[in-house]
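Colleague: Residue numbers (UniProt numbering), protein chains in the order written: chain A, 1 to 170; chain B, 1 to 170; chain C, 1 to 803; chain D, 1 to 803.
Derived by calculation from the structure, the hints in this document are not laboratory data.
Please note that the accuracy of each hint is not assured.
[Said to hold, decoys possible] Below, simulated SDA-like cross-link-like pairs (lysine to any residue); rule was C-alpha separation at most 20 Å, straight line:
id: 1; chain 1: C; residue 1: Lys-732; chain 2: C; residue 2: Tyr-742
id: 2; chain 1: B; residue 1: Lys-155; chain 2: C; residue 2: Tyr-742
id: 3; chain 1: C; residue 1: Lys-347; chain 2: D; residue 2: Arg-797
id: 4; chain 1: D; residue 1: Lys-387; chain 2: D; residue 2: Thr-442
id: 5; chain 1: D; residue 1: Lys-796; chain 2: C; residue 2: Asn-348
[Claimed, not checked] Stretch by stretch, here's where chain D covers chain C in the computed footprint (C-beta under 8 Å, at least three residues):
id: 6; region: 66 to 73
id: 7; region: 114 to 128
id: 8; region: 455 to 467
Just so you know, these numbers come straight off a predicted model, no measurement behind them.
By construction, the Cβ of each residue, glycine as well, lies at the ideal position given by its N, Cα and C atoms.
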Amino acid sequence: MVETTKNTQIYTTWGRKTAKPVKPAVAGKMVSKAKRPLLVIGSEIVGDEKLTDRIVAIAKKGVPVAATGHSITAFNGKDIGAKYINVHSLAHFLGDEKWGGLDGKGPYDTIVFLGHKKYYLDQVLSGLKNFTDLKTLTLERHFMQNATLSFGNIKPEVQIEALDEFIENL
Amino acid sequence: MVETTKNTQIYTTWGRKTAKPVKPAVAGKMVSKAKRPLLVIGSEIVGDEKLTDRIVAIAKKGVPVAATGHSITAFNGKDIGAKYINVHSLAHFLGDEKWGGLDGKGPYDTIVFLGHKKYYLDQVLSGLKNFTDLKTLTLERHFMQNATLSFGNIKPEVQIEALDEFIENL
Amino acid sequence: MSDTPTGQISIDDLENVQITIGKIVGAIEKKAEEEGIDLGPTPKPGISGLRDWDYKILSRYQPVYTPVCDQCCYCTFGKCDLTGNKEGACGINMEAHQARETLLRVITGTAAHSAHGRHILHHLIDKYGRDKPIDVGPSNLIAPNTQAVTGIKPETLGDLEEVMDYVEEQVNQLLATIHAGQEGAAIDFESKILHGGMLDHVGMEVSDLAQMSCLGMPKAETDTPLVEIGMGCIDASKPVLLVIGHNVSGVTYIMDYIHEHGLEDKIELGGLCCTAIDMTRYQVENGGEPRAKVIGTLAKELKMIRSGVPDVIVVDEQCVRADVLDEAQKLSIPVITTNEKIMYGLKNRSNDSAADIIEDLSSGKEPGALILDFDTLGEVAPELTMKMAKIRDEKGIKALPSDEELQELSAKCVQCGACELDCPANLPIMSAMTAGAASDFTQFEYLHDLCVGCGRCDQACPKDLPVLNMIEQASRKLIGEERGLVRAGRGQISDPEIREEGVNLVLGTTPGIIAMVGCSNYPGGTKDLYKVADEMLKRNYIVVMSGCSAMDLGMYKNDDGETLYEKYPAKFLAGNLINVGSCVSNSHITGTAIKVAAIFAQRNVSGNYEEIADYITNRIGAVGVAWGAYSQKAIAIGSGCNRLGIPVIVGPHGSKYRRALIGKPYDEEAWKVYDARDGSEMPIPASPEFLLTTAESIEELFPMLAKNCIRPSDNSMGRMIKLTHYMELSQKYLGHMPEDWYKFVRTETDLPLAKREELLKILEKDHGWEIDWKRKKILSGPTMKADVSAQPTNVKRLCKGEC
Amino acid sequence: MSDTPTGQISIDDLENVQITIGKIVGAIEKKAEEEGIDLGPTPKPGISGLRDWDYKILSRYQPVYTPVCDQCCYCTFGKCDLTGNKEGACGINMEAHQARETLLRVITGTAAHSAHGRHILHHLIDKYGRDKPIDVGPSNLIAPNTQAVTGIKPETLGDLEEVMDYVEEQVNQLLATIHAGQEGAAIDFESKILHGGMLDHVGMEVSDLAQMSCLGMPKAETDTPLVEIGMGCIDASKPVLLVIGHNVSGVTYIMDYIHEHGLEDKIELGGLCCTAIDMTRYQVENGGEPRAKVIGTLAKELKMIRSGVPDVIVVDEQCVRADVLDEAQKLSIPVITTNEKIMYGLKNRSNDSAADIIEDLSSGKEPGALILDFDTLGEVAPELTMKMAKIRDEKGIKALPSDEELQELSAKCVQCGACELDCPANLPIMSAMTAGAASDFTQFEYLHDLCVGCGRCDQACPKDLPVLNMIEQASRKLIGEERGLVRAGRGQISDPEIREEGVNLVLGTTPGIIAMVGCSNYPGGTKDLYKVADEMLKRNYIVVMSGCSAMDLGMYKNDDGETLYEKYPAKFLAGNLINVGSCVSNSHITGTAIKVAAIFAQRNVSGNYEEIADYITNRIGAVGVAWGAYSQKAIAIGSGCNRLGIPVIVGPHGSKYRRALIGKPYDEEAWKVYDARDGSEMPIPASPEFLLTTAESIEELFPMLAKNCIRPSDNSMGRMIKLTHYMELSQKYLGHMPEDWYKFVRTETDLPLAKREELLKILEKDHGWEIDWKRKKILSGPTMKADVSAQPTNVKRLCKGEC
């Protein structure tokens, strides 16, 4: 079992509500139990084949993918149905019960993040934390304190291992 | 061994530097090793005989006592040499290498707090944390995040037990 | 409304018009010259204008920073963690950032007061014209703060506009320095803080001068009426109109309407916060009857609304809870907003007919309305109140839980402690719940006076228990008994009063002025104010009240059933109790100190701030106490006092202002001044020891008050009196002689007569002083000499032979 | 200096004096009437004056809050934890508090600009007199923001004072609402934010109008000179005088001294930030030669100082690192502060002789000086620079580590990661250290352009490694090559230019204006700016630059060795690249939009803000990009654009402004306007989709820019052009056709000709539209009609038959 919960060092705090460190298997099971999960991918994955492969694997297990920034360019020809959306808009729409989602099938309940700039995602999560009831899970290499559940600060190779374990548990 | 390190719930954060939860025995040993400890007592102890007894016991083990607010009224006739000082002034002087201390014997290195209003002590400790190199230890019933070392949130009876253990280890 | 032509105007059209071209550079100087006024060196000082003075006081009183947050989040480089005085991305360190944070809070307060002033000035000029004379009573120095700072001697409402222009320009300059990449040195942020504080007193003064002049408010009267105060004095059987805020301008129209339509007996008009105070000043000069009741401070807002008693709520600006509309809506109470600063998202009905508005609000179609037209407001508020009273009565609006419900609710508590953690005072709510579950509600009742009524407990409770309502229900008997009296605000201290009392203040024979100001975030309940005032009044201090403190003081009675306002006279004399008025009336407290320098000591006042401040610093034993200070206005007021050398003590919550100014009594170099007679240096007592600090409890406060009234100019009688109080209060409340009492002794005549021998013995034995026992004289020991003709000053240029 | 008498003045003394009594109520209206100006409904609006307009745009664009902190620490009741939209002790909830926080940041920016404006206005009036005419070039509408907002048509410097008075009064009113217990509704804080933003553009305009009129700056010139830019263009062998800040007033005296004393070749004068820009505008109108070099933005400040090259540093105000004095002192560089906003605790030497100051600073007796007297400053700065150059040369001041030291330092890194956590961009410093330990410094070099030069890495390092210096040393070759050209700021767009280009903008045949403004907190290095501008210029957009962005754009060259300023012409025409000037010149960008409404469309401008904003909202395809926005000024500028309906995109760091305004394209009700011809409702394209939002990368930015230039007024040619760019940019940078392209199609003629058939097929197949394939016409499908004569408006009262 990959250890992803130990180093939760932060460089600044938002307040007292802080993410729970999570292990990949638990995270995977949580997502597989979610009614309407959404995987939100950021531009930092562009050019990272290892990460891209894992994302494709997650998508193939039935998790719809929102591609923010220019991350969509990593999925051309991968046939995972990823849809481009601006992440700031996405976060706004996620809080709106009337939004039909990227596919018109209604609102999401569990939002999984991967491949974002840390400082940018911190803010996106801050909005979701304060103004929605959504569960958020981050699979980043940094501990994202504004998420509901987050990996700790881990090394790139550990992240890949953790993602594999996450995928196994989906 | 009294458990004083578990509940470190806070109601608000100051930043990322947060007190280390400490057990009474460790705290006691630390103070006994200090070159120039100072015990700073707040007015909340007035009328609390159990706490007052413990403070007297600590003082009798050779730790000088600064009595802030009107806590000095609890020590009349107790012959522990407690000296009144305003805690805001005290914190200012503590950061001044030229200050001779309450007794003229020079600066202190380890400051122990007990019997303060939580919100007030939070601020005093915030100043010491940011602008001095002093070690601060709190023996309060609340987890004081701005201290170097602090008990967690504990019940009154646990605090008394913990103080006894602390005194044993002085 | 003024109707002077503008643009390129023909001189012929302008007969008898007085044209003031204040903006022209050098204009103030020229005007002063023409009027024979001796203008000081710093009329309308910019940020750097009084920096030298600031540096002088800051070298004695060092900033002590206690950050509320270790991070800075101003710009998008951040957040930056500055812990341990690290530098952020812009290069600012923790120290400078904390000074900047304090500056921001101070100018926020200054803006609140001066924006209020500008609003009411616009309004009153619209109504009374620019030429309406300023009238403050029997004084020539009618605007001491304004004149000392700007050099302008205002005579009409119109003259005040230039003063406001100056304040606004300077506030804008200061706000600019909050921007990333501006000031880098904490010390210069400190100077800016003092500048902002000084401006606050000018802004407040303009506000109160304008309203006093136009609204029939008492003008330095000593026998203003006593006004009913307290939640218990509201007759809930009548339609109740509740007003909340700080700016009385719109409310006067409501009062006029009620008066003109003979509705006084039909409507219960009650106010919260300073609007309430100013309502009780409205048209009561020369014996007028107060037309409204005071309910209390900010701490009563939520409690009053939650009681369900008000039928309509009108809010204006400042210290109005942000959730008034939400809370009122739950109890079918329409809310009317009347000021651009607070609009609550309500529809602007300013141009609609009163009938339409009343219809929409009484039918519940709209939860409230924004009405900026005061004529409409004047009609809508009372008429709607009468209509709503019936409607709400018929609806059977239920506000608080019954006792059974209280017990049931208590039993639901899971003792998680969230409420206590979030409670600003960490009050023991959990044990009240435990007792409540066993139908013992006394512990809830105990919380009532300690509770500041903020409602965070409700927000924190994971079980959604209405904690505040539970406290209120358990305390309904107490609340019903909350009926006191407060003296209507009197405005300024007049010039003749200064002439009479000035000498006693400067020589110390009146032991000091204790100014109790500010808000209701008390560490230990409201009654502490009563205890402090009573003790100091008994000891012959002049106690000056204002704003929320003035209200809360009136809530308590002595064994004879008297409030302190009844017990003590209200002149500007030792042992008197004065209420100057509302928040903006705080300017009269500093104004009084300036007047002592200007009138009693005949110092030039116009544009001569430094000399005035220097005089006050060394000679006037005044201490400000803002025991429940919560707001940015309070720290602005305090900073304005500080620049004049007046020390201020705030309660323990005040540590969250994140910065104090505290001296080091052990650093002898810091406690020296020049003797203006010859420029020689002379040691002075270490008092005031601080310009801004906190105290933990009133027991600690008492000796601090007495000690910090000591000044270099005290004569022996004065010093003896002050020292006596210091020692007695220390004995009484801390149970011991203060360690440093002897440091204030210059000569045996400084010692209390009754204890002189005993004290001389201590001086000999413990401190090694030489005593001539035959003559009972001190031969050596003191570091200071008693010399009444010495002229202590911190400013070298004011010494003979300088300049 | 003006010397008009004041006080009670005799009319006889005042022959030929023009008296303006602007303050009198109704004055503006009267003046306008006399001058035949048609005054709109809201001259000098108060906080509520444009609230209805704000509510209209806010109903389409909702505030999206992303708190930087979950707590509020304004008052002493707190801190309050507001997580989950809980209420604090004053009753404010998270939403309203975040809006308040944004308001605070906006007015801080507004204050920075307008306080700068007030300072320079005072200074220039002192020097040139109140009657100095405002001169901006060949325009009648010389102050579009000022006139639209205040109704005042300023003609002289003196006229600008009343404008500043208004701005300051309003900023003070807004700052007051930051106080605890003021506004409770997020929506009304939002309206206040827009008010603050609007004021910012007035304050900026006043600043730039004043300096353009007096300092010989270009006045709407299209061929302003190209100026050297970059750290590499500084000749370190000469004495180097470095100026930093935003307010050129003091620096002009230095430039004059250098000029008058023929020191141009002896001293290297370089500037950082907007002072640098304004130095290059000084006296260059009509072909004057630039007298200074531009070094770069805030991001270069620490790097430039740490290089050890400057011999003297002069700072004025804004965006000046707070640690300039500390850093300079380490390298024996004296620092001169010249503005009250930044004084660094230095001694005030304003009244001392130049010789004395030079002696004290060159001897190291004082680390610097505060000099508020510009004549003294003008002499001291250059003379001291020449003296210090020798002294520092003799001392052999060493700034950066050698390569050996760099390797040794790298080897000391313990890979703890503290630097990366604190780095605002989380740059990969650890791996650079690892490589550096093996004497491979390429990774440090790689960091150079990505690094914003904030120095937090140094602060964070537990081993005290000088990380920034290590990067700089490794990048010295790159830095040496940093030599580019920037076009000197041209000031406004003139009325004739508007007449020529207005129609193309409104009909969309010029695809849009891309205004690239703001600071240097880029997410991916400075070159991104170049890429964006080049791409959009190639596509015939008008690209307008200002401030730091204008500088950074000039740092890069194409394969032909040309900067974009050389490659593209500088007229106000499609495909042109314009630099308006410094930070305060941003007002000319909004001014341009106002001018299109006023001059091209002949809408009344005076006091007619809502109609002007409505016009711009529906007709002018302009998008602001503040890619590296870091400051409160940037968000103020953005908010001012927003009130005019101009959308703004900030880089990802901009999410830390904590609030965006984003619409919901899927909410069809939100995308409707009235047709002013008959008041009927008509659907419009969901563009702009937002008023303020962030983008993650420039690849994402490109299609956003194109799409959000689409406006209801586009004719078919215009829509086709815009749609083409949207689809092409989406294809090019995101690799796909945008999903929503078809939503902007009203008729087949909106479709790009080359792809028309292919797109019609998609419309039929994927979207079920009916196509008449014979005529290649769309029969049904679009929700909008193309109707060039429609008059889209959001304001009902502007429709025929209303009012």
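Colleague: Each hint should be assessed against the structure and marked as holding or not.
Modeller: Status of each hint after checking the structure:
For the proposed pair Lys-732 (chain C) and Tyr-742 (chain C), the alpha carbon gap of about 18 Å is at most 20 Å, so the pair holds. A distance of roughly 44 Å separates the Cα atoms of Lys-155 (chain B) and Tyr-742 (chain C); the hinted pair therefore is violated under the 20 Å criterion. Distance hint between Lys-347 (chain C) and Arg-797 (chain D) is fulfilled; the C-alpha atoms sit about 17 Å from each other, no more than 20 Å. The hinted pair formed by Lys-387 (chain D) and Thr-442 (chain D) fails the criterion: a straight-line CA distance of about 37 Å is larger than 20 Å.
A hinted pair counts as satisfied when its Cα atoms are at most 20 Å apart, and Lys-796 (chain D) with Asn-348 (chain C) qualifies at roughly 16 Å. Look at the region 66 to 73 of chain C against chain D: 4 of its residues bring a Cβ nearer than 8 Å to a Cβ of that chain, three or more, so the hint holds. Evaluation of the coverage hint for the region 114 to 128 of chain C: fulfilled, as 7 residues show C-beta separations to chain D shorter than 8 Å, against a requirement of three. Coverage of the region 455 to 467 of chain C by chain D holds in this model, with 4 residues showing a Cβ closer than 8 Å to a Cβ of that chain against a need of three.
In this structure, the hints that do not hold are numbers 2, 4, in rising order.
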